[in-house]
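2 protein chains.
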Amino acid sequence: MLQKRLTQQISHLLETSDKVELRRLLKHMHDADFAAAIEDFPAQLILQLLLLLSLPAQCHLFVYLDPQKQSDVASSMSRNDLAALFSSMEQAARADLYNQLDTQQRQTLMPGLAQAERDDIRKLASYPEKTAGALMTSGYATLRSNWTVSKSLIKLRLEAPDKETIYQTYVIDDQRRLLGTLSLRELILASPDSLIENIMLPEVVSVQVTDDQEKIPQIISYYDVIAVPVLDDESKLVGIVTYDDAMDAAEEEATEDAQKSASVAALDSPMSKISLWELYSKRIGWLILLVFGALLSGAGLAFFEETIAANIALVFFMPLLVGAGGNAGSQAAALMVRSLATGDVEYKDWTKVLRKDALVAMALGLSMGVTVYFLGLLRGGPEIALIVALSMFFVVFIGSIIGLCLPFILSKLNLDPATASGPLVTTIVDASGVLIYFGFATLLLQL
Amino acid sequence: MLQKRLTQQISHLLETSDKVELRRLLKHMHDADFAAAIEDFPAQLILQLLLLLSLPAQCHLFVYLDPQKQSDVASSMSRNDLAALFSSMEQAARADLYNQLDTQQRQTLMPGLAQAERDDIRKLASYPEKTAGALMTSGYATLRSNWTVSKSLIKLRLEAPDKETIYQTYVIDDQRRLLGTLSLRELILASPDSLIENIMLPEVVSVQVTDDQEKIPQIISYYDVIAVPVLDDESKLVGIVTYDDAMDAAEEEATEDAQKSASVAALDSPMSKISLWELYSKRIGWLILLVFGALLSGAGLAFFEETIAANIALVFFMPLLVGAGGNAGSQAAALMVRSLATGDVEYKDWTKVLRKDALVAMALGLSMGVTVYFLGLLRGGPEIALIVALSMFFVVFIGSIIGLCLPFILSKLNLDPATASGPLVTTIVDASGVLIYFGFATLLLQL
Chain A
1 MLQKRLTQQI
11 SHLLETSDKV
21 ELRRLLKHMH
31 DADFAAAIED
41 FPAQLILQLL
51 LLLSLPAQCH
61 LFVYLDPQKQ
71 SDVASSMSRN
81 DLAALFSSME
91 QAARADLYNQ
101 LDTQQRQTLM
111 PGLAQAERDD
121 IRKLASYPEK
131 TAGALMTSGY
141 ATLRSNWTVS
151 KSLIKLRLEA
161 PDKETIYQTY
171 VIDDQRRLLG
181 TLSLRELILA
191 SPDSLIENIM
201 LPEVVSVQVT
211 DDQEKIPQII
221 SYYDVIAVPV
231 LDDESKLVGI
241 VTYDDAMDAA
251 EEEATEDAQK
261 SASVAALDSP
271 MSKISLWELY
281 SKRIGWLILL
291 VFGALLSGAG
301 LAFFEETIAA
311 NIALVFFMPL
321 LVGAGGNAGS
331 QAAALMVRSL
341 ATGDVEYKDW
351 TKVLRKDALV
361 AMALGLSMGV
371 TVYFLGLLRG
381 GPEIALIVAL
391 SMFFVVFIGS
401 IIGLCLPFIL
411 SKLNLDPATA
421 SGPLVTTIVD
431 ASGVLIYFGF
441 ATLLLQL
Chain B
1 MLQKRLTQQI
11 SHLLETSDKV
21 ELRRLLKHMH
31 DADFAAAIED
41 FPAQLILQLL
51 LLLSLPAQCH
61 LFVYLDPQKQ
71 SDVASSMSRN
81 DLAALFSSME
91 QAARADLYNQ
101 LDTQQRQTLM
111 PGLAQAERDD
121 IRKLASYPEK
131 TAGALMTSGY
141 ATLRSNWTVS
151 KSLIKLRLEA
161 PDKETIYQTY
171 VIDDQRRLLG
181 TLSLRELILA
191 SPDSLIENIM
201 LPEVVSVQVT
211 DDQEKIPQII
221 SYYDVIAVPV
231 LDDESKLVGI
241 VTYDDAMDAA
251 EEEATEDAQK
261 SASVAALDSP
271 MSKISLWELY
281 SKRIGWLILL
291 VFGALLSGAG
301 LAFFEETIAA
311 NIALVFFMPL
321 LVGAGGNAGS
331 QAAALMVRSL
341 ATGDVEYKDW
351 TKVLRKDALV
361 AMALGLSMGV
371 TVYFLGLLRG
381 GPEIALIVAL
391 SMFFVVFIGS
401 IIGLCLPFIL
411 SKLNLDPATA
421 SGPLVTTIVD
431 ASGVLIYFGF
441 ATLLLQL
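Residue numbers (UniProt numbering), protein chains in the order written: chain A, 1 to 447; chain B, 1 to 447.
To be clear, the hints were calculated from the coordinates, so they are not data collected in a lab.
Honestly, I wouldn't trust all of these hints.
The list treats identical chains as one, so a pair stands whether inside a single copy or across any two.
[Unchecked claim] Here are the computed lysine-lysine pairs in the BS3-like style, where the Cα-Cα straight-line distance is at most 25 Å:
| hint | residue 1 | residue 2 |
| --- | --- | --- |
| 1 | 123 | 215 |
| 2 | 163 | 356 |
| 3 | 356 | 4 |
| 4 | 282 | 163 |
| 5 | 412 | 163 |
| 6 | 273 | 356 |
Note that this is a predicted model, so its numbers are computed, not measured.
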């Protein structure tokens, strides 16, 4: 409601080209909210609005638009306006926008920029998605070890408007090798004459440009730092990833894992914006692949045709058994996938985890076996009850173990453990369940 | 490996009580790593180590120990040592520790603290878990609107050692009502004579003490702020939640959702530390509950006994059909649960999402129906193929719709949408699948 009123208000101000009132409005609210209010405007109108604002205000607003909108607006801009906007943008945002543009747009844009800026954009835009390099910004502040605190503070004040953060600074040598780090708080508290080398923290936790972005939020959260420095393969400082970009990465990773855990290929945009075709194509692949897994269960059933034909009652218990195995497997897989993702459990802990969880799997199997024994007695007599209870124990036990091991196996094969999804585990456990259940039944009923 | 060597080194220094070397070691590494290295020491040994350190160093190290270890170490401390440590701890950490202690420990501790500190602890410890109140710290810096920038900077420098952050400051009136906010960067860049009221940002995004912690990382990430202020029911500022605590909360929430999405009750500790009994008890409840859901499928099968007995081949296709429906349902549920959790989709979007996704569900059903038609032809003849294909279409379509709606229904009932897990959806869809499949079969085979 509020947003709708705001959108109308902005529309009105735009129609009357009321610059003063627009700027006042923007000053009194957060850019993110303002950007959300104009999100659905046509690109041409957003452009018109941006051009009413000062360049820094343009930037602040522009970076909150969603990437597709940014690229649409950029396409309608004149070369000069775009170059001006680009030059004032923070580097990481700039590289992201650059990646959104098509070849022609890039060619239009580049001549308007300074050489250093062109190099910077090309460099940042060259790192593969979801790596530290793609996430980092080059807008960090550096100090030298032989500077005094007061000299450093003066420099920081001068640089503050252009830097993504000045709250954490990095001490480098002539080759840009990282010597240490200092927070602004420590600088403010230190005596003005102290030398940086005497007060800096010499051991800095850093990541490599090629590292997976997944690591970064873990590091920031574990060490309670505001940013993590990024080094290239020559150990030179090339950027930092700040906590806010790390938080976005963490959310992206958790969303991707949640999607994979349900056998959906990772979506490229949020559900609210995704196209029907993309939503379909990200789901159908796994659904069809899993059909072939389910054929195994069907083949298992066909193999036991005689047993089934002679004892139709066995079929009634099948959903119960096979379902319980799949559920236990999904539980174990989800627990493992998440523990591997947060770094709580690592690949090397496999055997330890297996030993511990095998006991739990056994206890679960026993409890479930006892539960269905009574259900079996009630609905099929003592013979069926025994078959169902025994099968339940093994199906739940083996289902749990499969769910537990699959993420480790995928991780060993350098695949994402999150692919060990509920549906995949369920399909595998279903086939094992059919074999165990009807195997037992054939054996025990023949005795 | 590295950690093991470090652990041995620390053990050795402890045995020889080498204070100087211990302090040197601690200075050269991050407290989090040091704490991880001593995590498995007995409480008595950790206490001995802490007492070799200065009070601030004790604090820094202590807060990185896990909560159980903190409480063990606290139990072995003398009343005076504990009170001293407590007084130097940051307030949020203090309240967490207080919550870990038993009644007797609390009674031992309280008399050693100043009245203001006791009140502060009791207040912070009184907010329910997983609310903004429980997550917040009272270690924030406040300014007054009629102060100048230079006066404010002097005050911040004085307070810096005691505050959790000085990078974001809050402007309050005599009643502690929040008037605005300023970042340290803005303060540094402003002219020293400016009045705070003229440069502060008057619209501050805040949360209520009773708000769910889930909201906070979303706000921090959306507005790119370093902390969110927390207000009580009289709109007075009572604390702030900083980005690092928000990141921990986000990870906790994502883990909880991942667990719920596999029908595991939320675990109280990470997998690596959880007891066998807890792991068992968090899984068995849902497993047994779902047994009763699966009984529905069994009853459905019993109902169609005649059809099955006459056409055993129908059974072979059951895992395929029922599995595919469950998989499609799990996909839809996981996508919705995650979208609701990140705020990308809200409850009010239900009908819009349903309209859009019903088309996708139909397309998925069609594709799957066509796929299995050929499998049916190959393995059972044209009649079976038709039954299987038709059933597949409906099972996948209805499975998707159930998976899509369940999170919204749970959310409407004020339950956590994440409970709409794969196993729950699978169990419900299984039963519908059995009815649809054998219903069609009975109908078509009679014709």
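Here is what the structure says about each hint:
1. In the homo-oligomer, the alpha carbons of residue 123 and residue 215 lie at most 25 Å apart inside one protomer (22 Å), although the nearest pairing across protomers, at 36 Å, exceeds that limit.
2. Taking the closest pair of Cα atoms, residue 163 and residue 356 never come within 25 Å of each other, the shortest separation being 49 Å inside a single copy and 43 Å across copies.
3. Proximity of residue 356 and residue 4 under a CA criterion of 25 Å is satisfied inter-copy only: 22 Å between copies versus 55 Å inside one chain copy.
4. In the homo-oligomer, the alpha carbons of residue 282 and residue 163 never lie at most 25 Å apart, since the shortest distance is 39 Å inside one protomer and 48 Å across protomers.
5. For the homomeric pair residue 412 and residue 163, neither the shortest alpha-carbon distance inside one copy (41 Å) nor that between copies (45 Å) is at most 25 Å.
6. Proximity of residue 273 to residue 356 under the C-alpha cut-off of 25 Å is restricted to the inter-copy arrangement: shortest distance 11 Å between copies versus 43 Å within a copy.
Hints 2, 4 and 5, counting from the list given before, are not met by this structure.
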